[in-house]
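Trainee: Please build the complete structure, drawing on both the sequences and the hints.
If you're matching them up, the sequences are chains P and S in order.
FYI, my numbering numbers position 287 of the first sequence as 1743, with every residue one higher than the one before it.
FYI, my numbering numbers position 35 of the second sequence as 42, with every residue one higher than the one before it.
Heads up, some of the hints might be wrong.
[Said to hold, decoys possible] Interface residues of chain S toward chain P, partial, derived using beta-carbon atoms under 7 Å:
{"id": "1", "residue": "Asn-14"}
{"id": "2", "residue": "Val-37"}
{"id": "3", "residue": "Glu-39"}
{"id": "4", "residue": "Leu-42"}
{"id": "5", "residue": "Thr-48"}
{"id": "6", "residue": "Thr-51"}
{"id": "7", "residue": "Asp-53"}
{"id": "8", "residue": "Val-67"}
{"id": "9", "residue": "Leu-68"}
{"id": "10", "residue": "Gly-70"}
Hints were generated in silico from the structure; no laboratory data involved.
All values derive from a computational prediction rather than experimental measurement.
For every residue, glycine included, the Cβ atom is placed at its ideal position computed from N, Cα and C.
Read off the chains here:
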Amino acid sequence: MKCKVCREHAVVDIRRHNAAFCRTHFLTHISNQVAKTIKEFEMFSAADRLLLAVSGGKDSLALWDVLLDLGYDTTGFYLDLGIGGYSTRSKEASIAYAETKGAKLIVRSLSDEHGYTVPELAQLTGRVPCSGCGLNKRYEFNRAALEEGFDILVTGHNLDDEVATLFGNVLHWNVDMLGRQAPVLDERLLASGGEAKTVMVKKVKPLVKIAERETAAYALLKGIDYVVEECPMVEGNTQHRYKEAITLLEEASPGTKSQMYFGFLKKAAPRFETTADAVELAACMSCGSVTIAVETGDPLCSFCRTKSLALKRKERGIPGPASKRRKR
Amino acid sequence: MKVKLRNPDRVVEVAGPRNVTTLLRELQIVPEAVLVIRDSTLLTRDEALDDDDELEVRPVLSGGSS
Chain P
1457 MKCKVCREHA
1467 VVDIRRHNAA
1477 FCRTHFLTHI
1487 SNQVAKTIKE
1497 FEMFSAADRL
1507 LLAVSGGKDS
1517 LALWDVLLDL
1527 GYDTTGFYLD
1537 LGIGGYSTRS
1547 KEASIAYAET
1557 KGAKLIVRSL
1567 SDEHGYTVPE
1577 LAQLTGRVPC
1587 SGCGLNKRYE
1597 FNRAALEEGF
1607 DILVTGHNLD
1617 DEVATLFGNV
1627 LHWNVDMLGR
1637 QAPVLDERLL
1647 ASGGEAKTVM
1657 VKKVKPLVKI
1667 AERETAAYAL
1677 LKGIDYVVEE
1687 CPMVEGNTQH
1697 RYKEAITLLE
1707 EASPGTKSQM
1717 YFGFLKKAAP
1727 RFETTADAVE
1737 LAACMSCGSV
1747 TIAVETGDPL
1757 CSFCRTKSLA
1767 LKRKERGIPG
1777 PASKRRKR
Chain S
8 MKVKLRNPDR
18 VVEVAGPRNV
28 TTLLRELQIV
38 PEAVLVIRDS
48 TLLTRDEALD
58 DDDELEVRPV
68 LSGGSS
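Mentor: Here it is, written out as structure tokens:
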């Protein structure tokens, strides 16, 4: 195959664009796609301070690389989840990348911050590991952004992530979630002492036009030493199963993923916005974070509820129910 | 040729010559789900492979929470 731009030998083919690229023009293509996404969805400007959630994997490190090269003020945030050697290697990869680029990286640990690891949380609460992990990551990313005074929280969710989430939300008709699935989630304010206070920082996903295979290719071609191994707790993960199914469809009909996601944003997402807007928000009685608990009469947000349960069981030495994780 | 596969890491021997598409078909791997790497660079689907090549087939789909 020849590069679409210069006709030299190609190293990456992108079938949904009916194109192949040499190394140089592929890297330019990815950078241009990210820049276009940032502009199209009005994600942020050069004046904003960005906090990027970094996992040590291909997506977040590739995105960090693109944002730094584009000149954005981007600080990484790594949350140690306590998943044995996997977390150790992920942290090392994140620190090594930050050092190579001379970039700022904030490192926190779930164990230090809250007294448990992701495997312990799954054991103590019976939650599926990925569910408890996601809840804690979303909470900690937002908390770090608020505490450290960042304007924008950036995540490395790519096209495959978004399509898999959309697929799951449609399969289960999670209309609230469909109303909130977007490349940009605006900041949320709550009244506090007569003033409006930011409780959720604006969240953006600049990789929504980039497929997972392309972020991996970008990282490899840039020599970014990302963690290739899969999280040991991901076995049987629903999101992963959806991705495998969608990838088969993409292989047979290139462009399927892009059509599903961007078709949803254009034609269907507005129909679900009223459902999401109708949810009444309140401040968690424990941490002040935003919650919809007022509807259920529960004064705690789901994070504080889960944390409280886990710590109570840990203090009493109760192992908790078996995790609901299913085998594939 | 020697082909390194991931999760778990292992190496399999596949006879050449062939191209990337036929290699992945023989290994029953969906091309959209992997990168094929030789000498630290990437190969497109039509790239020819020889008996003495050493390759890595690296999965790109990650799971977990979002």
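Trainee: Each hint: holds or not?
Mentor: Now the hints, each set against the structure:
For S:Asn-14, the shortest C-beta to C-beta distance to chain P is roughly 5 Å, which falls under 7 Å, so the interface hint holds. Look at S:Val-37: its Cβ gets to within about 5 Å of chain P, closer than 7 Å, so that hint holds up. Evaluation of the S:Glu-39 hint against chain P yields a held restraint, the C-beta minimum of about 5 Å falling below 7 Å. At about 6 Å, the closest approach between the beta carbon of S:Leu-42 and any beta carbon in chain P falls short of 7 Å, and the interface hint on this residue holds.
At its closest, the beta carbon of S:Thr-48 sits 6 Å from a beta carbon of chain P; the interface hint therefore holds under the 7 Å criterion. For S:Thr-51, the shortest C-beta to C-beta distance to chain P is roughly 5 Å, which falls under 7 Å, so the interface hint holds. Residue-level restraint check for S:Asp-53 holds (minimum Cβ-Cβ distance to chain P is 6 Å; threshold 7 Å). Checking S:Val-67 against chain P by beta carbon gives a least distance of about 4 Å; that is within 7 Å, so the hint holds.
Taken as an interface hint, S:Leu-68 checks out: its beta carbon lies about 5 Å from the nearest beta carbon of chain P, inside 7 Å. Hint on S:Gly-70 holds. Least Cβ distance to chain P is approximately 3 Å, under the 7 Å limit.
Checked against the numbered hints listed earlier, the structure breaks none of them; every hint is satisfied.
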